[in-house]
Amino acid sequence: MEHQAPNPNILKELLTYQMPYGKYKGRRILDIPVNYLEWLCSQGFPKGKSGMMLSTAHVIKTNGLEHLLPKQ
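At position 42 of the sequence shown (counting the first as 1) the number is 51 in the numbering used here, and the numbers step up by one without a gap.
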């Protein structure tokens, strides 16, 4: 398996990326409660960009890494 370098643009985009559907449609993914992200994780994140963004937000929030992101 080939190693991929982290893409810092994903974190920049995550700051403004909005939930495209469901209960939290239109809210910033980073503003979604962690318990909802945990539920999504247990169900399986969707494929594509929204799934990658939700998964990234889940990792950041469940590991207490919010301090790595600039304040909005």
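Just so you know, not all the hints are guaranteed correct.
[Stated by the list, open to error] Subject to a maximum C-alpha distance of 27 Å in a straight line, what follows is the list of computed BS3-like cross-link-like pairs (lysine-lysine):
(1) K32 / K80
(2) K34 / K80
(3) K21 / K80
(4) K70 / K56
(5) K70 / K80
(6) K70 / K21
(7) K56 / K32
(8) K58 / K32
(9) K70 / K58
(10) K32 / K70
(11) K34 / K56
(12) K21 / K34
(13) K21 / K56
(14) K80 / K58
(15) K58 / K34
(16) K32 / K21
(17) K21 / K58
(18) K70 / K34
In case anyone wonders, no lab produced these hints; they're calculated from the structure.
None of these values were measured; they are calculated from a predicted model.
Status of each hint after checking the structure:
| no. | hint | verdict |
| --- | --- | --- |
| 1 | K32 / K80 | 24 Å, holds |
| 2 | K34 / K80 | 22 Å, holds |
| 3 | K21 / K80 | 11 Å, holds |
| 4 | K70 / K56 | 20 Å, holds |
| 5 | K70 / K80 | 14 Å, holds |
| 6 | K70 / K21 | 16 Å, holds |
| 7 | K56 / K32 | 18 Å, holds |
| 8 | K58 / K32 | 18 Å, holds |
| 9 | K70 / K58 | 18 Å, holds |
| 10 | K32 / K70 | 19 Å, holds |
| 11 | K34 / K56 | 17 Å, holds |
| 12 | K21 / K34 | 20 Å, holds |
| 13 | K21 / K56 | 20 Å, holds |
| 14 | K80 / K58 | 23 Å, holds |
| 15 | K58 / K34 | 15 Å, holds |
| 16 | K32 / K21 | 24 Å, holds |
| 17 | K21 / K58 | 14 Å, holds |
| 18 | K70 / K34 | 19 Å, holds |
Comparing the model with each earlier hint shows no violations; every hint is respected.
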